[in-house]
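Engineer: This is what each chain is made of:
Protein chains: 2
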Amino acid sequence: MKIRFINARILSLEKDTSLSEGELWVEGNRITYVGPKLETKEVFDRVVDAQGNVLMPGFKNAHTHSPMTFLRSYVDDLPLHEWLHQAVFPLEALLQPGDEYALAKVAFAEYLTSGITADFDMYYNPMEVVKASIDTGFRTFCLGTVTRYKESVQEMVASFHKINGLHELVSYRLGFHAEYTSTPEILSELSKAANTLKTPIFTHTSETEAEVQGCIDRHGMTPVVYFESLGLFNYGGGGFHCVHLTEKDMEIYQRRGLYAVTCPSSNTKLASGIAPIQEFIDKGIHLAIGTDGPASGNCLDFFREMFLVTGLGKLRSKNASAVDALEVLKMATVGGAKAMGLTDADVLAKGKLADIIMIDLHQPNMQPLNHIVKNIVYSGSKTNVKMTMINGKILYENGEFFLDQSIDDIYLAAQTITDRIKKQAKANS
Amino acid sequence: MKIRFINARILSLEKDTSLSEGELWVEGNRITYVGPKLETKEVFDRVVDAQGNVLMPGFKNAHTHSPMTFLRSYVDDLPLHEWLHQAVFPLEALLQPGDEYALAKVAFAEYLTSGITADFDMYYNPMEVVKASIDTGFRTFCLGTVTRYKESVQEMVASFHKINGLHELVSYRLGFHAEYTSTPEILSELSKAANTLKTPIFTHTSETEAEVQGCIDRHGMTPVVYFESLGLFNYGGGGFHCVHLTEKDMEIYQRRGLYAVTCPSSNTKLASGIAPIQEFIDKGIHLAIGTDGPASGNCLDFFREMFLVTGLGKLRSKNASAVDALEVLKMATVGGAKAMGLTDADVLAKGKLADIIMIDLHQPNMQPLNHIVKNIVYSGSKTNVKMTMINGKILYENGEFFLDQSIDDIYLAAQTITDRIKKQAKANS
Chain A
66 MKIRFINARI LSLEKDTSLS EGELWVEGNR ITYVGPKLET KEVFDRVVDA
116 QGNVLMPGFK NAHTHSPMTF LRSYVDDLPL HEWLHQAVFP LEALLQPGDE
166 YALAKVAFAE YLTSGITADF DMYYNPMEVV KASIDTGFRT FCLGTVTRYK
216 ESVQEMVASF HKINGLHELV SYRLGFHAEY TSTPEILSEL SKAANTLKTP
266 IFTHTSETEA EVQGCIDRHG MTPVVYFESL GLFNYGGGGF HCVHLTEKDM
316 EIYQRRGLYA VTCPSSNTKL ASGIAPIQEF IDKGIHLAIG TDGPASGNCL
366 DFFREMFLVT GLGKLRSKNA SAVDALEVLK MATVGGAKAM GLTDADVLAK
416 GKLADIIMID LHQPNMQPLN HIVKNIVYSG SKTNVKMTMI NGKILYENGE
466 FFLDQSIDDI YLAAQTITDR IKKQAKANS
Chain B
66 MKIRFINARI LSLEKDTSLS EGELWVEGNR ITYVGPKLET KEVFDRVVDA
116 QGNVLMPGFK NAHTHSPMTF LRSYVDDLPL HEWLHQAVFP LEALLQPGDE
166 YALAKVAFAE YLTSGITADF DMYYNPMEVV KASIDTGFRT FCLGTVTRYK
216 ESVQEMVASF HKINGLHELV SYRLGFHAEY TSTPEILSEL SKAANTLKTP
266 IFTHTSETEA EVQGCIDRHG MTPVVYFESL GLFNYGGGGF HCVHLTEKDM
316 EIYQRRGLYA VTCPSSNTKL ASGIAPIQEF IDKGIHLAIG TDGPASGNCL
366 DFFREMFLVT GLGKLRSKNA SAVDALEVLK MATVGGAKAM GLTDADVLAK
416 GKLADIIMID LHQPNMQPLN HIVKNIVYSG SKTNVKMTMI NGKILYENGE
466 FFLDQSIDDI YLAAQTITDR IKKQAKANS
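Protein chains in written order, with the numbering used here: chain A, 66 to 494; chain B, 66 to 494.
Bound-form chain A, shown alone (with noise of 0.2 Å):
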């Protein structure tokens, strides 16, 4: 499939976040061109007219759970420590093979709508989110998610080698649940298998001051610090939420070059804090975005993150022009390819992977036209994405999905599975 991009606004962030007028062709999985626009007698499958509108590299989300859908406003209202226990973890263990296939499934087309591209997904079965990403054309970074109760090490290393080489839309990272839902056993083991593999590793870090306390009281050290005691960061990794992070643990972070993926909407309504991000700027610590699961945050809306990252930013700072919002857009595009390995889809270049969204200023939020780029992370929404290209292929394109089922199909699926969970924990209690 040959496509061409006329009459565009293109932002590439290949060098910085500036717009320039032009065209973008797309051939199989590939950008073939990105410039000024072109005669050219070339012969394209599908031609389209952008309209003035915006192509930009699709946002990568950084931290999820995809297959929690069927939490999704079943149990809020509670903090982290008691959600996870009382309700997420026992409701999980009614899962049934197959469910986290149909349940992920829901929230690959909530990431169409919102213009992402590429999740980066801590889940238990590995293979029914990678079934469940290839099947519907959408772009997935596996995180192994190793707890004292599910997966083991070795089990994690297995699917690392099963899954890294098995579709070029599928990839395996290791990582483990959290310092306290793992024991130091599992943690020497898995740095053991980081260190053999020598590959990245990725954890909830310091979400809630209740966590960096229970790990100073278990082990003398906030969890960044114990795990780089541990070796689990010689080849590098990062954290989910990075809340409650010490000056220590930034050093730490700056100096092993670590990601920071902060989660603000989950953050939020969670009550587990603002995360310093202009801290993490002013030390040039790398940075990226994540929706945090379903059952979070609830949404999965990289507008609301963006404006998140930025607007609670400014509020712990005390200051309207901390965390500024074209960094906001690096963290959420580049940044988020960077944390995941996934430099070959970071910026509209000749020669990148062709995941590519398109943003509609023809929509009330975005008008009149200022400061476009800026106005995208502050006044951005679902409606203004226009469409999703992932690997080549348009996924969603003016409010329809165009894939392997359709869209009341996937529904009627996931709706099915919470009914029967619901009977079950009903049943149960």
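Hints are not guaranteed to be accurate.
No copy labels: a pair is met if it fits in one copy or bridges any two.
[As the list claims (entries may be wrong)] Distance condition first, Cα-Cα at most 16 Å in a straight line; then the derived EDC-like pairs of lysine to aspartate or glutamate: (1) Lys383 to Asp142; (2) Lys383 to Glu274; (3) Lys383 to Glu147; (4) Lys80 to Glu392; (5) Lys458 to Asp469; (6) Lys491 to Glu107; (7) Lys102 to Glu250; (8) Lys80 to Glu220; (9) Lys383 to Glu316; (10) Lys403 to Glu92.
It should be emphasised that the hints constitute simulated quantities derived from the structure, not laboratory data.
Fit chain B to the supplied structure of chain A, relying on the hints for placement.
Structural biologist: Just chain B now, with coordinates in the frame of chain A:
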């Protein structure tokens, strides 16, 4: 026009936030039936199959400055007082007759995309907003904006008599911009007018710490105590923002039944602070929600505002159960209607004005269905607004506008004005 909505989930908000299944009829500008499915031989001009989607009262935007669309993403990243004096006021001085009419129309279109069916609109030349409102079919409560620079109390009283009763879509209320932009003489005169007309007064109140401190320095009192001492609240009213209210201020709000209108997007982007919403709820203070103008929080999106009201409330209280989502939904609808005095369009019931929206549940962010009403607050987006009806007329449906002008003409008019102002500002600088 007689319209019948069938197969709906109805969130009437008449008693509580429960949903019922059934149908709703509209004739002219009123609701004529809400209840279970009926067998009927009545003839309708249109029958809409809601397909299980939610019908609910439109959101009431209880604080905004609609004509400020020209400043959207034009000047960002400044704290309130610099932003007002260095950017907003000098640029507003370049507005010409007719500009506010055209600029307000962009905001009205955006309100429709967000399910907002009425606004409380504070700007300088009310007749322009009034005309824009009538021509668009939007419902507006204009609010006087007396300052020491523009608009006198006399002019405001003239507008009060001229606009109230002019057209069923528009009303007028007395107001002033803020303590720091008025004088004791203006406020005394205004108090006399309000007491003569026996009418409430609204104003920007305690938006920033600096504003409160300035008022204390000038008058030895917080803004709220000062306003009460002048008799401005003898017939009710309230304040916009209310971020930094003292215990004594809250006691006045409680005792006098005043409305605190919270504007969290604006307070976030301008780093003004987080309003004490849970404390307001605990004290039984009346609450409503506003977007503020499009130059403050940039977008006019009630879903963002609702999430922020509950989310920031949880962060401030360090409690994930604070500021209940269902309370927020009531603030956004019934609360706003009461604040404006629009008690004829607060809930869905026979005889009420037909200001109705349809929330699309057939979107990934609403699937699977669990707690539907909470999910509107936690996960809703403009993409869920399937229809917006005001005064019995559908003005927005399935992404299309049905207005007196094409949406492209509305954008063009606003862009032309904005470009002219930018050119003038450049020439002046």
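Engineer: If a hint holds in the structure, say so; if it does not, say that too.
Structural biologist: Hint check:
no.	hint	verdict
1	Lys383 to Asp142	between (27 Å within a copy, 12 Å between copies)
2	Lys383 to Glu274	between (21 Å within a copy, 11 Å between copies)
3	Lys383 to Glu147	between (31 Å within a copy, 14 Å between copies)
4	Lys80 to Glu392	within (13 Å within a copy, 46 Å between copies)
5	Lys458 to Asp469	within (12 Å within a copy, 38 Å between copies)
6	Lys491 to Glu107	neither (62 Å within a copy, 44 Å between copies)
7	Lys102 to Glu250	neither (59 Å within a copy, 62 Å between copies)
8	Lys80 to Glu220	neither (41 Å within a copy, 53 Å between copies)
9	Lys383 to Glu316	neither (24 Å within a copy, 27 Å between copies)
10	Lys403 to Glu92	neither (24 Å within a copy, 57 Å between copies)
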